[in-house]
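Build out the structure end to end from the sequences listed, making use of the hints.
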Amino acid sequence: MNPRTLVLLLSAVLAGALSTACSRKSPAGAEAGPGTRYTVVFSQCNNAEPYRAAQNAQMERLWGAQKDVHLVIMDAQQDSAKQIGQIETAIRMRPNLLIVAPNERAPLTEVMGRAMRAGIPVICLERDIVQPNYTTWIRSDNRAIGRLAGEFILEYLKKKHGAPRGRIVEISGLKGVEGEISRYGGAHDVWDKYPDIKIVANPVANWLQSLAKDRMSEVLSAVPEIDVVYGHNDPMAMGAYLAAREKGREKEMIFVGVDGLSGDAGGIKKVKEGLLAATFVYPLCVDKAVEIGTRILRQPDFKPEPVYMMESRLVTAENAAKIDGQ
Amino acid sequence: MPSRVWNYFRHHGRPFLGLALVFALGVVFSPRDYAGNLIFLSVGNLTDVLLQQSEIGIIALAMTLVIIGAGIDLSVGSVLACSASMAALLLVRWTPGLAVGPQMAVAAGAALLTGATIGAVNGLVITRLGLQAFVMTLATMIGVRGLTRWLTGNTNIDFGFGEMASARFSALFSHKPSVIIVWVLLAIVAHLVLTRTIFGRYLRAIGENEQAAIYTGLPVRTIRFVAYTACGGLAALAGLIHAARSHQGNPNDGVAYELDAIAAVVIGGTALAGGQGTIVGTVTGTLILGLLTNMLRLRMIDSNLELMIKAVIIIVAVWLQRRDRASNSSL
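Chains Y and A, in that order, give the protein sequences.
Numbering of the first sequence is given in this note's numbering, commencing with residue 1 and proceeding in unit increments.
Numbering of the second sequence is given in this note's numbering, commencing with residue 1001 and proceeding in unit increments.
Any given hint could be a false lead.
With a Cα cut of at most 27 Å, we get these calculated DSSO-like pairs of lysine-lysine [as the list claims (entries may be wrong)]:
(1) Y:K82 <-> A:K1176
(2) Y:K251 <-> Y:K198
(3) Y:K175 <-> Y:K159
(4) Y:K159 <-> Y:K269
(5) A:K1176 <-> Y:K247
(6) Y:K247 <-> Y:K160
Honestly, the hints are just simulated from the structure, not real lab data.
Note that this is a predicted model, so its numbers are computed, not measured.
And the structure:
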């Protein structure tokens, strides 16, 4: 094969790929199609989680309603180094607004600061970072959600045993991120007062259902009696449920998750089906982000608050249908 | 002199052609900024690419040496994570009351030493116990990952901001010009080692035909041992840059970095069978991958498509090598 053929072959592949991708969506940046006045980049830490997919869908729907806004979603695939690289490239594109759902606190802090210094307004979505390198932070209170979950589980144990005692398996999300620290800390704010409430296992499953199922299978082999499984998100609670069901032990314990998404894969449906005993709505924060983002784009004088806090709520079999309807 | 350059290009030119091609496509498809300039060509963007590729680029230099010697090192990703975590432990958790400078030096030194030691263990077992490189480094890849998670309790160690050692370390080891210069210097050294030293000649001879090298009385074990040790050391250096850039030591980072490094080496024209290959090719291969990623990101193209395109490029590159070798042997 001579070099000319190689050039032709590679060009064909690349050009083909580029043009397909470009024709599907109008290009970003200053070149965005006619009628586009604003480019919004949403740097998403991991499309693969249902919570993130729900965020993306709502982003696309809400920004899509504004015809002069071009939204680009970048998926960092749960890799902080990749997310840094993507944001570095985004900075070169000079978007009108950068929304970041950080994969981890420390790694993303510096690069978000660089975006700010480049004059790009930055909305930090849901997770925090080490320094306030953002124009505004739209957050939910994971610590409060953790406390709500802790209290729900405490009440369940009191009812089951007639006293505040019981054996809990707690399945942690990705270590070191705010969501994991706070959902753990909030629940322990409640439980640590009761010495007879025991955490019999605390495996780490990085927010993923598949990992949680594997870890829970191990826990089930090692631990004879379990009252409650508390997953830091619904997919992990569901992974634990699936593992317990495989061993025929799903009736022995209840499963509690967090996130409370609607839709087929969401936790609310699992509560309706009776698989999860409860879940806690972790707000997507997207509606607020689009509202504030729109004002940042269109009202030059608008000064957002440094922090906007979104509220959570408990979902049980009693109110699941009602909440899902909203 | 011009004829020497021409000869070099005739024999090793293919990666350059690929680089030129990717660069040209990058220019053609580059979006423009508000002043009408091509973003792809801006100095800021191109140096971003160099910085982003520096970790893989540095690992790939040593990987080239190992592969030319007909070996492979799958442990580099785990070594990178181990080095990053080790540095983080010594910068954040260790409070010896040292001044910032010495603490940084100890942390960096210990991390590099750990990496080189792991590389040396690879080298020793492969050359003395005769284990296949693939098997041995697969074992260290798994074992070092476990060691790193155990050392850190499977948590990330964040560096923080301010004047403490960890924050200063982070600023120093992710300083864009310094990182790029270190990579370039290392590439020059590796190139000279491979082309101008006895070590380089022996290494190629070993990769070309190990039996012949043994019968000729070449120090086969020593040469291989040095290559693996260097590979561990450079993977650890990449780990320091990684920790600084991501502002933390993360025991779960660096997964599949060995494959990215091997891809860069292979695209650069180095034969996996050993014996043939150049550092210039490897640097070119690293840049091809980096520019490709950058070009697609500037176009905001789905990152999964990026992976598919990389796959095609790897296949084409290796296929060309195979054809070249086939046509050489038929001559």
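Quick rundown of the hints versus the structure:
1. Y:K82 <-> A:K1176: holds (17 Å)
2. Y:K251 <-> Y:K198: Distance of about 20 Å is within 27 Å: holds.
3. Y:K175 <-> Y:K159: With Cα atoms ~32 Å apart, K175 (chain Y) and K159 (chain Y) exceed 27 Å; violated.
4. Y:K159 <-> Y:K269: Between K159 (chain Y) and K269 (chain Y) the Cα gap is close to 25 Å, so the pair holds against 27 Å.
5. A:K1176 <-> Y:K247: Since the Cα atoms of K1176 (chain A) and K247 (chain Y) sit roughly 54 Å apart, the hinted pair is violated (cutoff 27 Å).
6. Y:K247 <-> Y:K160: holds (22 Å)
Checked against the numbered hints above, the structure breaks hints 3, 5 and satisfies the rest.
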